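S.K.: For reference, the chains in residue letters:
There are 2 protein chains.
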Amino acid sequence: MPASIACLDTPVALIDVPRMQRNIQRMQHRMDALGVRLRPHIKTSKCLPVVQAQIEAGASAITVSTLKEAEHCFAAGIHDIFYAVSMAPGKLAQALTLRRKGCRLSILTDSLAATQAIVDFGRQHDERFEVWIEIDCDGHRSGVRVEDDALVDIARRLREGGMQLCGVMTHAGSSYELNTSQALQALAEQERYICVSAAQRIRAAGLACPQVSIGSTPTALSAQSLEGVTEVRAGVYVFFDLVMHNIGVCRADELALSVLTTVIGHQPDKGWIIIDAGWMAMSRDRGTQRQQRDFGYGQVCSEAGDWIEGALLSNANQEHGIVTLSSPGEVAITERFPIGSRLRILPNHACATGAQFPEYSACDASGAVHTWSRLHGW
Amino acid sequence: MPASIACLDTPVALIDVPRMQRNIQRMQHRMDALGVRLRPHIKTSKCLPVVQAQIEAGASAITVSTLKEAEHCFAAGIHDIFYAVSMAPGKLAQALTLRRKGCRLSILTDSLAATQAIVDFGRQHDERFEVWIEIDCDGHRSGVRVEDDALVDIARRLREGGMQLCGVMTHAGSSYELNTSQALQALAEQERYICVSAAQRIRAAGLACPQVSIGSTPTALSAQSLEGVTEVRAGVYVFFDLVMHNIGVCRADELALSVLTTVIGHQPDKGWIIIDAGWMAMSRDRGTQRQQRDFGYGQVCSEAGDWIEGALLSNANQEHGIVTLSSPGEVAITERFPIGSRLRILPNHACATGAQFPEYSACDASGAVHTWSRLHGW
Chain A
1 MPASIACLDT
11 PVALIDVPRM
21 QRNIQRMQHR
31 MDALGVRLRP
41 HIKTSKCLPV
51 VQAQIEAGAS
61 AITVSTLKEA
71 EHCFAAGIHD
81 IFYAVSMAPG
91 KLAQALTLRR
101 KGCRLSILTD
111 SLAATQAIVD
121 FGRQHDERFE
131 VWIEIDCDGH
141 RSGVRVEDDA
151 LVDIARRLRE
161 GGMQLCGVMT
171 HAGSSYELNT
181 SQALQALAEQ
191 ERYICVSAAQ
201 RIRAAGLACP
211 QVSIGSTPTA
221 LSAQSLEGVT
231 EVRAGVYVFF
241 DLVMHNIGVC
251 RADELALSVL
261 TTVIGHQPDK
271 GWIIIDAGWM
281 AMSRDRGTQR
291 QQRDFGYGQV
301 CSEAGDWIEG
311 ALLSNANQEH
321 GIVTLSSPGE
331 VAITERFPIG
341 SRLRILPNHA
351 CATGAQFPEY
361 SACDASGAVH
371 TWSRLHGW
Chain B
1 MPASIACLDT
11 PVALIDVPRM
21 QRNIQRMQHR
31 MDALGVRLRP
41 HIKTSKCLPV
51 VQAQIEAGAS
61 AITVSTLKEA
71 EHCFAAGIHD
81 IFYAVSMAPG
91 KLAQALTLRR
101 KGCRLSILTD
111 SLAATQAIVD
121 FGRQHDERFE
131 VWIEIDCDGH
141 RSGVRVEDDA
151 LVDIARRLRE
161 GGMQLCGVMT
171 HAGSSYELNT
181 SQALQALAEQ
191 ERYICVSAAQ
201 RIRAAGLACP
211 QVSIGSTPTA
221 LSAQSLEGVT
231 EVRAGVYVFF
241 DLVMHNIGVC
251 RADELALSVL
261 TTVIGHQPDK
271 GWIIIDAGWM
281 AMSRDRGTQR
291 QQRDFGYGQV
301 CSEAGDWIEG
311 ALLSNANQEH
321 GIVTLSSPGE
331 VAITERFPIG
341 SRLRILPNHA
351 CATGAQFPEY
361 SACDASGAVH
371 TWSRLHGW
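Protein chains in written order, with UniProt numbering: chain A, 1 to 378; chain B, 1 to 378.
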């Protein structure tokens with residue numbers, strides 16, 4: 001018989017499965033309506049039952065952040081996998097092994113040097129790697145700029161070297177710095193336009209560039225048109241989190257991941273409630289620190305999940321969290337939150353908090369809790 | 001045959017075993033000279049070979065931050081284990097199971113409410129729990145203040161309830177905010193004096209209080225006298241890190257934990273070197289942010305471990321790190337740090353960075369690398 005929340009030891013990472021399913025449906029419907037394929041980024045959950053729910057809802061391919069995720073998902077029957085981090089030459093042997101087993105693993109480059117390493121290794125092992133070129137659409141991290149001659153040079157080097165160009169991809173990571181629908185729509189259009197332009201530039205040079213892959217959760221939920229785009233990658237939408245809530249792309253009742261915790265002490269003079277969820281449970285992510293509303297290490301909710309306004313996880317040591325209240329109220333904190341009582345904490349960043357746990361406790365609509373393991377490491 | 005560093009996939013958590021052994025010796029010798037027992041806190045490494053090295057050097061007991069650590073170490077033959085986080089009532093059954101198997105597990109309280117829960121559960125199961133009382137010596141987190149009447153009340157409640165009082169303990173966590181030997185010595189003396197005074201207050205009430213346990217790495221390395229103290233708990237000294245280096249209690253060549261990483265790209269116009277160690281490898285810990293020298297997400301070293309002055313991990317996404325140089329130098333970064341070349345990153349906080357990895361690669365004096373697994377989760 002499945003457990004219930006009342007039986008769980010704390011701290012534990014809880015998934016609200018009905019919320020997660022609604023989040024998955026919402027994104028899939030949006031992509032269907034915009035006429036593009038959804039290739040979810042599984043780096044948020046690193047958890048097969050979550051990925052399988054995304055596939056059941058309509059995703060036919062996935063994005064991964066490590067080759068370990070690719071191996072794990074391929075072993076579970078998922079074939080079309082895009083490893084969306086620039087390929088290190090030292091990881092090509094592992095990628096080759098996966099492809100030789102029948103995995104349709106595609107890889108990424110954004111420089112002539114990395115491309116040459118792929119070509120050399122591919123030729124040496126008689127492997128026609130499927131390769132994407134990363135485009136820099138907002139200056140936030142990696143990628144070649146659309147006006148850079150290296151763009152066409154990389155595409156040509158791949159073709160001359162016998163590799164297969166899948167297409168161009170970009171990630172508008174700077175969307176995490178925005179918080180108005182106007183700015184998000186503008187960045188989504190910039191992401192689309194620049195990536196489509198990169199494909200057109202390659203095509204104008206007489207080279208095939210079949211696919212255009214874009215995506216981040218905020219831009220995917222803000223784009224008004226995806227003309228010229230073939231697929232969207234997005235990850236954190238599956239759980240959402242306080243950073244996404246501050247950006248404005250989800251409601252509070254869409255946050256599907258929380259940490260269940262127990263009250264273990266008080267410092268009544270300071271108004272502190274001490275809980276057994278410190279940074280080892282929440283992660284050190286302070287993603288809301290620079291946003292318009294700083295949630296500390298997380299927003300405190302009741303055990304049932306109701307948001308307690310003004311209650312924040314203000315500070316965190318390894319296994320101790322300090323909860324403070326903006327309005328202490330009439331009842332003493334030792335009575336309102338007695339030792340042994342439980343709370344839930346909504347995280348700043350679902351990808352970082354999930355990674356602190358070897359498994360999730362997934363709570364379905366009936367209240368039954370299932371243990372879903374997740375990947376750790378590389 | 002053991003691997004060598006050259007064979008390792010990246011990112012990987014490297015332990016420099018000779019440095020670790022010197023760190024262990026240094027702390028053990030200091031405690032021996034001060035006449036107190038060392039009870040290392042294993043929350044830093046969560047790794048049996050590291051703990052065993054501490055025991056071989058002279059530690060006879062350990063401190064843990066989770067009951068999972070206690071179970072793991074007890075299964076490996078370690079008996080005297082102090083779980084140094086205030087006891088949640090819901091965890092008493094797990095503690096009881098350990099004690100019934102023969103583990104000398106001691107637990108912690110800092111309130112009458114938590115003490116009553118221990119007494120009630122202990123009586124119900126006919127178990128005489130060994131209990132410490134936490135003292136607040138610097139206002140940074142948990143603990144009862146020495147002048148608070150609750151101190152003696154808790155000790156009395158434990159005795160009347162049939163439990164065994166081990167003694168008093170404190171942790172001068174505010175030592176992480178200091179950076180002069182004068183301030184550290186003063187805080188170490190404050191930690192000692194307050195904790196010894198708490199024991200004396202209990203004894204003056206006619207109750208036994210055999211032990212006085214204090215400790216944090218900075219105060220343990222700064223204390224001039226430990227009169228009245230019976231044992232010291234310290235954890236991060238086993239690896240040290242950039243936070244400890246900023247505090248001034250270790251040299252750069254004593255940092256024993258680093259993350260080996262591969263260069264996967266460049267943004268030459270911005271002077272960015274992109275590596276495959278992002279926050280998933282380093283953790284989100286920015287512990288040096290408020291110290292006198294901010295190392296970003298880490299100090300960059302050569303593959304061999306030589307500090308590259310002015311090279312920092314300035315920013316981190318999940319699987320991407322951005323390295324910047326304060327002095328770019330004559331040679332282009334694409335030539336000086338070509339794609340596929342390797343670097344090592346020293347972490348801000350060894351406890352947080354270690355937790356991102358399922359295992360360490362422990363490199364011994366001969367250059368051979370051994371895989372040491374570590375605990376994850378609760």
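Think of the hints as simulated: they come from the structure by calculation, not from any bench. Being a predicted model, the structure only gives us computed values, none of them experimental. Among the hints, erroneous ones may be present.
Remember, identical chains collapse to one label, so a pair may be satisfied in a single copy or spanning two.
Straight-line distance between alpha carbons at most 20 Å, and here's what the computed DMTMM-like set of lysine to aspartate or glutamate pairs gives [as the list claims (entries may be wrong)]: (1) K68 / E359; (2) K101 / D364; (3) K101 / E359; (4) K270 / E130; (5) K270 / E147; (6) K68 / D149; (7) K68 / E303; (8) K101 / D294; (9) K68 / D9; (10) K270 / D148; (11) K270 / E127; (12) K270 / D136; (13) K270 / E303; (14) K270 / D120; (15) K101 / D126; (16) K101 / E130; (17) K270 / D138; (18) K101 / E56.
S.K.: Give a verdict on every hint.
M.R.: Status of the hints after comparison with the structure:
1. Taking the closest pair of Cα atoms, K68 and E359 come within 20 Å of each other both inside a single copy (16 Å) and across two copies (15 Å).
2. Within a single copy, K101 and D364 get their C-alpha atoms no closer than 35 Å, and across copies no closer than 36 Å, so neither meets the 20 Å cut-off.
3. In the homo-oligomer, the alpha carbons of K101 and E359 never lie at most 20 Å apart, since the shortest distance is 28 Å inside one protomer and 27 Å across protomers.
4. For a Cα distance limit of 20 Å, the shortest separation of K270 from E130 qualifies neither inside one copy, at 59 Å, nor across copies, at 29 Å.
5. Taking the shortest alpha-carbon separations for K270 and E147, only the inter-copy value of 16 Å comes in at or below 20 Å, while the best intra-copy value is 57 Å.
6. Proximity of K68 and D149 under a CA criterion of 20 Å is satisfied in neither setting, with 34 Å inside one chain copy and 55 Å between copies.
7. In this assembly of identical chains, K68 and E303 lie within 20 Å of each other by CA distance neither inside one copy nor across copies; the values are 34 Å within and 24 Å between.
8. For the identical chains of this complex, K101 and D294 are neighbours neither inside a copy (47 Å) nor across copies (46 Å), given an alpha-carbon limit of 20 Å.
9. With identical chains, the CA atoms of K68 and D9 are at most 20 Å apart between copies only, with a shortest distance of 11 Å across copies and 29 Å within one.
10. Taking identical chains as interchangeable, the C-alpha atoms of K270 and D148 lie at most 20 Å apart only when they sit on different chains, with a minimum of 15 Å there against 57 Å within one chain.
11. Proximity of K270 and E127 under a CA criterion of 20 Å is satisfied in neither setting, with 64 Å inside one chain copy and 34 Å between copies.
12. Proximity of K270 and D136 under a CA criterion of 20 Å is satisfied inter-copy only: 13 Å between copies versus 48 Å inside one chain copy.
13. Neither within a single protomer nor between protomers do K270 and E303 lie at most 20 Å apart by alpha-carbon distance, with minima of 23 Å and 47 Å respectively.
14. Within a single copy, K270 and D120 get their C-alpha atoms no closer than 63 Å, and across copies no closer than 28 Å, so neither meets the 20 Å cut-off.
15. For the identical chains of this complex, K101 and D126 are intra-copy neighbours only, at 15 Å inside a copy versus 58 Å across copies, given an alpha-carbon limit of 20 Å.
16. When the C-alpha separation of K101 and E130 is checked against a cutoff of 20 Å, the pair qualifies only within one copy, where the shortest distance is 15 Å, while the shortest distance between copies is 56 Å.
17. For the identical chains of this complex, K270 and D138 are inter-copy neighbours only, at 13 Å across copies versus 44 Å inside a copy, given an alpha-carbon limit of 20 Å.
18. Taking CA atoms no more than 20 Å apart as the test, K101 paired with E56 passes in neither setting, with 24 Å inside one copy and 46 Å between copies.
Comparing the model with each numbered hint stated earlier shows that hints 2, 3, 4, 6, 7, 8, 11, 13, 14 and 18 do not hold.
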